[in-house]
Structures are given as C-alpha cells and as structure tokens.
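**Q** Here's the letter readout for the chains.
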Amino acid sequence: MRILLVEDNRLLANSLAKVLSAAQFSVDVMHDGQDADHVLLTQDYALVILDLSLPRMDGLEVLRRLRSRGNKVSVLILTARNNVGDRVLGLDLGADDYLTKPFELTELEARIRALIRRASGHADNRITCGDLVYQAQKQQFELAGETLLLTPREHALLEVLLLNSGRTLGKEALCEKIVAMNEEVNPEAIEIYVHRLRKKLQGSNVQIVTLRGLGYSLEVQNAK
Amino acid sequence: MQSSLRLRLLVWMLLPLLAVASINLLLVKRSARAAADEAYDRILLAAALSIADNITIQDDAVKVDIPYSALEMFQSQFPDHVYYRISHADGRLITGYDDLPISHRLADDKLGNHDTRFYEARYKGEIVRMISYAKPLYEPSGQGPVVIQIGETLRAREEMAREILSESVRNQILLVLAAVALAVVGGMRGLRPLMRLAEQVKARRADELEPFNTTEVQYELRPFIAALNQHMARLKGVFEVQRRFIADAAHQLRTPLAVVHTQAEHALRQTDINSMREEIECLLTSTRQTVHLGNQLLTLSRAQPDAASKFNTDMSLANVARDATRELAPLARKRNIELSFECSAEAETVIIRGNRTLLHELVVNLLNNALRYTQAGGEVTVDARIEGNQFVLEVQDNGPGIPPSERELVFDRFYRVLGTDVEGCGLGLAIVREIIKRHEGEIALQDATKQKQGLRVITRFPLLEN
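Sequence order for the protein chains is A and B.
Counting in our numbering, the first sequence runs from 1 upward without gaps.
Counting in our numbering, the second sequence runs from 1 upward without gaps.
Read the hints as simulated data drawn from the structure, not as lab findings.
Possibly wrong hints are sitting among the right ones.
As the list claims (entries may be wrong) - The calculated lysine-lysine pairs, modelled on DSS-like cross-linking and capped at a C-alpha distance of 27 Å, are:
#1 Lys138(A) <-> Lys177(A)
#2 Lys101(A) <-> Lys202(B)
#3 Lys334(B) <-> Lys171(A)
#4 Lys138(A) <-> Lys101(A)
#5 Lys177(A) <-> Lys334(B)
#6 Lys334(B) <-> Lys101(A)
#7 Lys334(B) <-> Lys199(A)
#8 Lys199(A) <-> Lys138(A)
#9 Lys202(B) <-> Lys236(B)
#10 Lys199(A) <-> Lys101(A)
#11 Lys200(A) <-> Lys334(B)
Go ahead and model the full structure; you've got the sequences and the hints to work with.
**A** Following this line, the structure appears as structure tokens:
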C-alpha cells in the first residue's frame with residue numbers, strides 16, 4: 001500500500017515515515033507543494049497525507065489541482081491550523097478527513113485504516129467492539145462467535161451504536177441516523193429497542209450505557 | 001463633493017455668493033432704467049421750459065416760437081425721434097403733432113399752472129417718454145394755460161440703462177472671482193492645521209501611543225483629537241494585555257518543555273530497555289500535557305478582548321452544553337463517574353447570542369475540572385435552566401470542592417490549588433472567566449447542594465431580548 005506524505009517539517013516527516021513504514025506501508029515523502037503536485041501527476045497512491053502550510057504551493061492548492069484532474073485518491077489533511085474555515089474549505093475541496101496537529105499516533109493510524117478501508121469499498125469489512133462483531137458483507141452481527149438475531153430496527157440501532165462506539169448519541173441523533181438507513185423509528189420508541197438490545201447483549205462484555213440527559217453509548221466493559 | 005473639504009467649502013461659499021450677485025443684478029437692472037429716466041427727463045423738462053419761455057401773445061393769439069436751443073438738447077449719437085405739441089387747455093392745437101397722445105390719466109387729472117407730468121405712451125409704433133407742462137398765460141383775454149407736450153423715443157435711455165447694467169455685471173464678475181480666489185487661499189490656510197495634524201500622525205512610530213495635546217489645536221479639531229486619543233488609549237491597553245499574555249505563555253511553556261527535555265535525556269541514559277520504556281511513557285505524558293497547555297493558551301488568546309473572535313452567533317446554549325457534555329462522556333466513563341445532564345423545557349428553546357466555539361470550550365473546561373477532581377464513583381451533573389432573564393448553567397460535583405478562601409484565586413491564570421495531584425495547567429477557570437466576561441455573564445463558586453461535599457459552579461448569561 002503506497003502512501004504519499006507531504007510535510008515540510010522534516011523532523012515530523014521522518015518520524016511519521018518511520019512509523020508508517022513499520023505499519024507495512026510504503027511511504028514517499030515530499031517536502032513542498034510543487035514536488036507533491038508533480039509526483040501526483042504520475043504516481044498512484046492509496047492515500048495522500050497532506051500538510052496545508054507548504055512552501056512553494058499551499059496544501060489546499062495541491063488538493064484543488066489534484067481534484068480538478070479527476071484524481072479520487074483519499075486525502076487526509078494534517079495541519080496546525082485549527083480553524084473551522086480552513087477545515088470546511090479543505091473538506092469542500094475534496095479532502096476525505098482532517099486531523100489537527102499535534103495528534104496521537106494511534107488516532108492517525110485509525111484514520112488511515114478507515115480511509116483505506118473506505119476506498120477499498122468495505123470489501124472484507126469487520127467492525128468489532130469487544131465480543132460484538134459486525135460482518136458488513138453479510139450484514140450480520142455476531143456475539144462471541146454466535147450469530148445475533150435481530151429485528152430490522154434493532155439491527156439498525158445496534159449498527160448506529162457500533163459505528164459510533166465510544167460516542168454518546170441522543171435519541172434525536174439516533175433516529176436521524178436510523179432514518180438514513182431506511183428504517184423508521186420515533187424517539188419515544190428508542191427506549192424500547194435499547195431495552196430489547198440490552199437483553200440480547202446480556203452476558204457479553206458489551207453494553208449499552210445510558211447517560212441521563214445525554215443519550216446512549218455502546219461500550220466494552222473492562223474486566224475488573 | 002464628498003471627497004474634498006476644500007471643494008465643499010468653496011461650493012458652499014460660491015452658491016450663496018452667486019445668489020446674492022444675481023439678486024443684486026436684478027435690482028441694478030431696475031434702478032439703471034430709473035437713473036436713465038431721471039437724467040433724460042431733466043432734458044425733457046428743460047426743453048419744455050425753454051419752449052414755454054418763448055410763448056407770447058400777439059393780437060390775442062398765442063404765438064409759439066420753438067427755439068433752436070430746445071431742439072439742440074436732444075442731439076446725441078442715438079437717432080431718437082422727438083415730437084412736440086403745443087395746445088390750449090381745452091386741447092385745441094396751436095402747433096406740432098396733433099395726434100400726439102395725452103395719457104388717459106392726464107386727461108382726467110387737470111393740469112394746473114406750472115404742473116409737470118411725465119408718462120409713457122405709444123406713438124407711431126414706438127414707445128415714447130412724454131412730458132406735459134402747463135404754461136400759464138397772464139393775459140386779459142383770459143385764455144387758460146398752454147399745454148406743452150414733448151415726447152422722445154427711448155433709444156438713448158435704453159442704451160444708458162444697458163451701459164449701467166453691463167458695468168455692474170463686469171464689476172460683480174470681478175467681485176465673485178476675487179471671492180473665489182480668496183476662498184481657495186483661505187480654505188488652504190484654514191485646512192493647514194488639519195494637514196499639519198495628519199503629518200504628525202503619519203510621522204509617529206507604530207508603538208508611539210501617547211495622546212496628542214488637545215490644547216495646541218484649534219477648537220474645532222479637539223473632538224477629533226480626543227477621539228484619536230481615546231482610540232490610542234484602547235490600543236495601548238490591548239497591546240499591554242497581549243504583551244503580558246505572550247510573556248506569560250512563553251514562561252509557562254518553558255516549564256513543561258524543560259520537563260520533556262530532562263525526561264528525554266534521562267531516557268537516553270537508560271541501558272535497560274524496560275526502564276527506558278518507562279521513561280518514555282513519562283515523556284509521552286509530559287508532551288500530552290504540553291499539548292494541552294498549548295491548546296488552552298490558544299483558547300485563552302481567542303477569548304481575549306482584542307481577539308478577532310466574533311460574538312454574534314445566535315444559538316441554543318442548552319444544545320451547545322449538551323454536545324460538550326456528550327464529548328466528555330468517555331472521560332466520565334473512564335473515571336467511572338456518573339455524568340448526567342438536566343435541562344428545563346424553557347432553557348431548551350431559549351436563544352443566546354455569542355461565540356459558539358468559546359461557549360463550547362467553557363463547558364468543556366468546567367466539566368474537565370469536575371471530572372478530573374472528582375473521585376472514581378462520584379457524580380457530576382450539568383443543569384440548564386432559566387432564572388428571571390438569565391440562562392443559568394450549573395455544573396455540580398461531589399469531589400473535594402474548593403475552600404472559600406481560594407475561590408477567588410482559582411480564576412487567576414496558572415493558579416493551582418495546593419495539595420492536589422491532578423495534572424493541569426491552571427488555565428481552565430481563567431479561560432472560563434474570560435469567556436463569561438466576553439458574554440456579559442457571571443460566575444460563582446459555591447458548596448454543592450446535592451451532596452455532602454463538592455463544588456457547584458454557577459454561570460449566568462443574559463437572555464437575548466426579542
């Protein structure tokens with residue numbers, strides 16, 4: 001898997017390149033926007049990690065030119081500019097994700113994996129949370145190896161919770177996301193489905209936590 | 001016209017001047033004709049008197065001998081016609097043009113002895129200025145006075161009036177031109193203090209913010225100088241705040257960087273891979289703290305009075321607070337603290353005006369404190385409600401609380417309560433206070449009311465008036 005890393009800070013570029021190589025990626029490093037623009041004309045990459053403040057050509061300009069050529073390679077913007085305007089502009093120009101410096105390496109790795117997975121069309125996609133595994137291809141949940149039998153609405157709710165595991169979602173947000181999956185449910189009914197799902201998840205290390213006034217979140221219970 | 005003061009001054013001087021000049025010309029035009037009439041009427045009268053002197057009675061008949069001198073008076077470069085008619089009081093012609101008109105008014109109003117009347121009449125297609133003079137005849141025959149009429153066409157009079165008028169026009173044009181010239185020069189001189197002031201402002205160094213002396217300048221410029229001085233005073237305050245902030249920030253960043261540096265050096269000296277790993281773990285914790293400090297400093301700088309941040313977004317503060325609380329739910333779960341959010345129906349719909357990012361940051365900072373200082377198994381509640389015309393956002397925990405003696409101090413930058421082993425940079429509440437200030441809100445620290453111990457942070461925001 002080839003990754004192009006465009007970062008003008010050589011210290012950061014070198015250590016990132018080392019980390020990514022260790023994770024079995026083959027990494028090309030460019031230190032300015034014009035070089036990056038040139039190499040993107042001829043080379044194919046699975047992912048471009050792009051800094052915004054670059055010498056000779058701004059990162060946003062590199063991105064704009066890339067997209068105007070119809071190149072659909074995944075782009076992860078990496079920048080110290082933490083303002084909403086830049087973020088929106090970057091995503092508008094066709095960036096796939098955005099990470100603000102300084103960042104945790106684990107976060108960067110997770111984003112890279114997600115982007116590459118998305119680009120490869122969820123081919124062999126498994127999402128796990130503790131004992132709970134979602135087989136995207138089969139559209140099936142497994143709990144500790146056993147297939148979990150769910151009604152379509154329970155399925156949709158659990159899928160939303162799993163995709164957002166660790167985050168707390170309110171009833172309204174849950175309903176919106178479920179509607180987006182072509183299942184209909186009203187906020188009052190959410191409690192009922194949560195109750196049913198809890199029963200089905202009983203005995204595993206995965207649980208749906210209620211935070212009063214805030215909503216629900218799917219969590220792995222650590223062995224105490 | 002908006003762009004040049006001088007032009008404005010000039011135009012506002014010239015317009016009234018031109019108006020006055022034209023009124024004056026109208027008046028002159030009238031009086032010029034009157035002056036010409038006066039001059040030429042005198043000639044008419046002299047001619048009439050001279051004819052009257054030569055009227056005699058011979059054999060009971062009136063004899064008129066028109067003297068040459070009388071007609072000579074009318075000679076000028078203008079071909080004016082002169083007509084005369086001498087008649088009896090009853091209108092019978094003695095000599096002259098019989099059809100020379102007598103004015104209507106004159107016909108009724110009997111001309112007494114020595115009476116003179118001037119009038120205008122139309123004769124042979126032209127306007128003529130006429131005089132009628134009654135010459136008494138002291139004569140036994142008892143014949144009434146003889147009426148002498150002389151008429152003269154108007155060319156000479158009109159020419160004279162025209163000359164007077166054109167002379168006046170010439171003079172006024174000269175006068176207006178002189179006024180313009182004086183206004184231009186005067187305007188330039190009048191504006192010179194303004195130019196001088198501009199030069200002074202231009203010549204200043206960027207950091208030279210001492211006020212200008214208001215007593216040295218003209219009275220009209222004083223409000224301008226005062227405004228300029230006020231602006232500079234504000235700038236000075238802003239610069240001072242910024243300077244202090246940068247100094248503080250640099251100083252505060254040096255400490256964690258020194259720690260990182262020492263830890264890295266120490267790690268390098270380890271020969272055992274496991275102890276090196278341990279040192280690097282510590283190093284990582286330190287860098288995380290430094291990153292946190294950097295982020296907090298950035299937030300604080302955005303909440304500064306001089307920051308470019310905008311405070312005009314209308315939003316539901318309840319939603320902002322709920323989102324921020326959700327964001328911190330993982331930290332609460334990790335620390336096994338029960339986090340809950342309560343919001344009255346009223347507070348749910350109310351709109352607050354301000355800066356969303358900063359208000360979000362405010363809630364995050366309050367919760368961060370509550371979650372980090374509260375022991376595992378504790379409780380943290382966020383409560384949003386309306387009290388009077390204020391939105392009240394309250395964060396309550398059952399942690400150790402803050403002793404009353406320290407409740408003012410914790411808002412100071414970089415102040416840390418002694419005796420806690422919780423990591424922090426001492427900016428959280430300083431940021432909170434700054435954000436509250438920028439939203440014209442209030443903040444108070446109290447003892448918890450829900451539990452035996454803990455802290456209750458109450459923030460209040462003014463509601464947006466509809």
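**Q** So, for every hint listed, does it hold in this structure?
**A** Against the structure, the hints:
1. Lys138(A) <-> Lys177(A): holds (20 Å)
2. Lys101(A) <-> Lys202(B): violated (42 Å)
3. Lys334(B) <-> Lys171(A): Measuring from Cα to Cα gives roughly 23 Å; hence the hint holds.
4. Lys138(A) <-> Lys101(A): Given that 27 Å is the threshold and the Cα spacing comes to 38 Å, the pair is violated.
5. Lys177(A) <-> Lys334(B): Holds, at roughly 26 Å.
6. Lys334(B) <-> Lys101(A): holds (24 Å)
7. Lys334(B) <-> Lys199(A): holds (24 Å)
8. Lys199(A) <-> Lys138(A): Holds - the C-alpha atoms of Lys138(A) and Lys199(A) are around 23 Å apart, at most 27 Å.
9. Lys202(B) <-> Lys236(B): Given that 27 Å is the threshold and the Cα spacing comes to 18 Å, the pair holds.
10. Lys199(A) <-> Lys101(A): Roughly 42 Å separates the two Cα atoms, so the pair is violated.
11. Lys200(A) <-> Lys334(B): Since the Cα atoms of Lys200(A) and Lys334(B) sit roughly 24 Å apart, the hinted pair holds (cutoff 27 Å).
Of the numbered hints given earlier, the model fails hints 2, 4 and 10; all others are met.
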